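Colleague: Residue numbers (numbering that gives the first Met the number 0), protein chains in the order written: chain A, 0 to 448; chain B, 0 to 448.
FYI, nobody ran anything at the bench for these hints, they're computed from the structure.
Please note: incorrect hints may appear among the correct ones.
Copies of the same chain look alike in the list, so a pair counts if it fits in one copy or across any two.
[To be verified] Below, in silico cross-link-like pairs of lysine-lysine (DSSO-like), each with a Cα-Cα straight-line distance of 27 Å or less:
{"#": "1", "residue 1": "LYS414", "residue 2": "LYS66"}
{"#": "2", "residue 1": "LYS193", "residue 2": "LYS59"}
{"#": "3", "residue 1": "LYS13", "residue 2": "LYS59"}
{"#": "4", "residue 1": "LYS317", "residue 2": "LYS13"}
{"#": "5", "residue 1": "LYS102", "residue 2": "LYS386"}
{"#": "6", "residue 1": "LYS13", "residue 2": "LYS66"}
{"#": "7", "residue 1": "LYS358", "residue 2": "LYS424"}
What you are looking at is a predicted structure, and each value in this text was computed from that prediction instead of being measured.
Number of protein chains: 2
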Amino acid sequence: MTSKDKRIQPRTLKGFRDYLPQAMLAREDLIAKARSVYRSYGFSPIDTPALEYEEILTGKGGEESDKQMYRFTDNGGRQVAMRFDLTIPLARFAAQHIGELGKPFKRYHIGPVWRGENTQRGRYREFMQCDFDTIGTEDVSADVETALVIHDLLQTIDAGEFQIHMNNRLVLTGMLERLDLLECQVPVLRALDKLAKIGPDKVVDEMVRVAGASETQAREVLKLAAVGGDCESVLGELAPLVGGSEQGERGLERLTQLVECLRAVDIAPERYSIDLSIARGLDYYTGAIFETFLADLPGIGSVCSGGRYDDLAALYTKEQLPGIGASLGLDRLLAALEELGRVEVRSTPANVFVTRFSKGRLTDYLELCGALRRAGFDVELYPEERKLGPQLKHADRRGYRCAVILGDDEWTGSKCLLKDLQTGKSEELALSSDLGALIEALNSLLGPT
Amino acid sequence: MTSKDKRIQPRTLKGFRDYLPQAMLAREDLIAKARSVYRSYGFSPIDTPALEYEEILTGKGGEESDKQMYRFTDNGGRQVAMRFDLTIPLARFAAQHIGELGKPFKRYHIGPVWRGENTQRGRYREFMQCDFDTIGTEDVSADVETALVIHDLLQTIDAGEFQIHMNNRLVLTGMLERLDLLECQVPVLRALDKLAKIGPDKVVDEMVRVAGASETQAREVLKLAAVGGDCESVLGELAPLVGGSEQGERGLERLTQLVECLRAVDIAPERYSIDLSIARGLDYYTGAIFETFLADLPGIGSVCSGGRYDDLAALYTKEQLPGIGASLGLDRLLAALEELGRVEVRSTPANVFVTRFSKGRLTDYLELCGALRRAGFDVELYPEERKLGPQLKHADRRGYRCAVILGDDEWTGSKCLLKDLQTGKSEELALSSDLGALIEALNSLLGPT
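Let the hints inform the model, and build the full structure from the sequences given.
Modeller: Below is the structure:
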């Protein structure tokens, strides 16, 4: 026994959290759905280490990422750091293995990343990323497939209505070229990206102050970004706005193809739109850009974002690896599902609870549970012989759908009680050697397993 | 473009590794199987942070673990460390949340852990653990269930024949008490644990040198540990060896109950045995002990080990939390499955590959793939228009089972070729609007989805 004053306070680090069963079940469910969608398009899973050489990670995500990185010297004197996203590790991975992998290469990667962020914004310092990317092709079909995967993800996750906002960085470039703002496009687009967050006046202010645009130019950019309506009319309005700019015309062509393909494969038109205001500040996007918003919770921001980049792994290899991909915001989605009341209130993955209170009958209970598992049910047997009340409370609290109740009378009479824990109703069933009646009743209560 | 001399060599840290698709598919498959077994017994998933306060982790796994731990000072000046197993975090987690969780509490936890081990022994510094535990009950049913879960895991994973070796720490204590070795049981059992690795003479030597036993006593321990045969005869021989020792008799009773239950629920007798030589040196085991060996690869050591402990979280709470659990050696099992040739040679999770080489037909290809996905198939569409040869090579290399081939002639004639990539045989099929013939052929080739 440890004495009280030797005891250590059990606590997690600031910005870190435990997943208790209810939250973890929801997370596992979300990941399983994402995985099945990725696999249905032929994306393959990979994994990379949590720790990398510091030089691999620094300077790639900008100053902010560098500051937030967990880095230290390991016991062998190496400068190491914990990954802060899954994109830089993908770049390193691709540079290292592309010969073996072959091109094009499609991968998904689901795993934790770490950032020593300011936790006041409700952000965590450890969170899961869930990325998919197609590397080694510039074909527009990869743009379309990215949109289709996002569509299928959101549909499968069942977080209500959603809309994929699409843009093309080259269209933005074309518009800026016509406004004579090409030189300062990066700071201009960074400012534009904040539109939803800080409003038009502050965006104009930042474009003038930081990017060096005139106020007239800045207002013009905002006007262009506000072009709205259905995809066809936006595409129509865009033609003159980018005309004459080679990049702008190329971007418009790609955006037009993307929209045509989505329409051709019957994606509902309300599920996607062209949104010229999304720029995704990150300098490396060079083509299609995606963000995804939930109709019921637009305020939480994009739940699936990404885009096309020209040269993923330039820092590590001379081989040019263009690609496109997006990242599903697992933690944000989980929070959203919870807020929308779409997370099941249960802390057990199993549906069937078997009570235990006949003395000396453990093997009978074990046999019963084994037979139910072989019939496809997930079953918990209460591990102790106790009164019925506390056992049912245990089952109820965990969200079991039903309880199979057997005491001495039931064993002797070859019968059992099946209690529906939602309605509170019980049903007496005969207990034949093949458990036919019980299995049938469970199937009708729980649906086919 | 990054110039050559600015480029960073893409590499992983010593002792760390990337998972390429083939290995990762095998790992995902193994984890999915483990998860389904855990869930079928009502174990719930949890997760804990990779980083903990250093004080939570140090001194719990012994000197060796402390030395191997990755620890550092974070940006906020906190002493932090990366978890080196999932047991200490479980202890901290249970102490912190048991009120909310309720007892008994059954959890599984699958995640990476980090140890700066000597990599020369072929060990990795980052590896996955896959644990399950039942906390808050001393009932023998939890012992039985632990054995049953191990059994179901190994059966589901399909790594060939296996045997669960079982012992009870109290039986060992009883035998040592009769030999007057109770005072030095920990170093004696630590030495005994090495029997398979270093042989009897060195074990005797260590018992004498380190534990302070006489050579006669040490030889006697080895003789006891060698008691073999079927479970019934071992249990019979044990009675006199522990008789008179209260703890020994209690251990024998528990071991007997365990064996009786396994027999009663028809676990094949060759799947388990009593092995008095396994002690699992760790001081904290206090009852049942389990190790599991593959018949085809006994040399790789135990692939699933665990046991019963009295007081998991004593360092963090005054509440006594007895429990029992085991850990599935995922990495060891993956290596074993590979060595046994039971890992599929493929690097794609999808089965159906669709070639693409008719110009201007992208939407037709996309529609076809969408329809096949809705019919339940996982489908990759080659992202570029290319000659057939390189596309089929791409599909072959990744282990696709079949390819659907459509060129201009096929589109015009409303037909397609289905090529079996294993046999090389092709079949021409009509392409009706509901894809009936193609779906039927795919079903018969791939089995029902």
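Colleague: All hints are to be evaluated individually against the structure, with a verdict given for each.
Modeller: Evaluated hints:
1. When the C-alpha separation of LYS414 and LYS66 is checked against a cutoff of 27 Å, the pair qualifies neither within a copy, at 66 Å, nor between copies, at 58 Å.
2. For the homomeric pair LYS193 and LYS59, the shortest alpha-carbon distance inside one copy (21 Å) is at most 27 Å, but the shortest distance between copies (48 Å) is not.
3. In this assembly of identical chains, LYS13 and LYS59 lie within 27 Å of each other by CA distance both inside one copy and across copies; the values are 26 Å within and 22 Å between.
4. Only between protomers do LYS317 and LYS13 lie at most 27 Å apart by alpha-carbon distance; the minimum there is 24 Å, versus 41 Å within a single protomer.
5. In this assembly of identical chains, LYS102 and LYS386 lie within 27 Å of each other by CA distance solely across copies; the values are 15 Å between and 63 Å within a copy.
6. When the C-alpha separation of LYS13 and LYS66 is checked against a cutoff of 27 Å, the pair qualifies both within a copy, at 17 Å, and between copies, at 25 Å.
7. For a Cα distance limit of 27 Å, the shortest separation of LYS358 from LYS424 inside one copy, 26 Å, qualifies, whereas the shortest one across copies, 63 Å, does not.
This entry does not satisfy hint 1, going by the numbered hints stated previously; all others are met.
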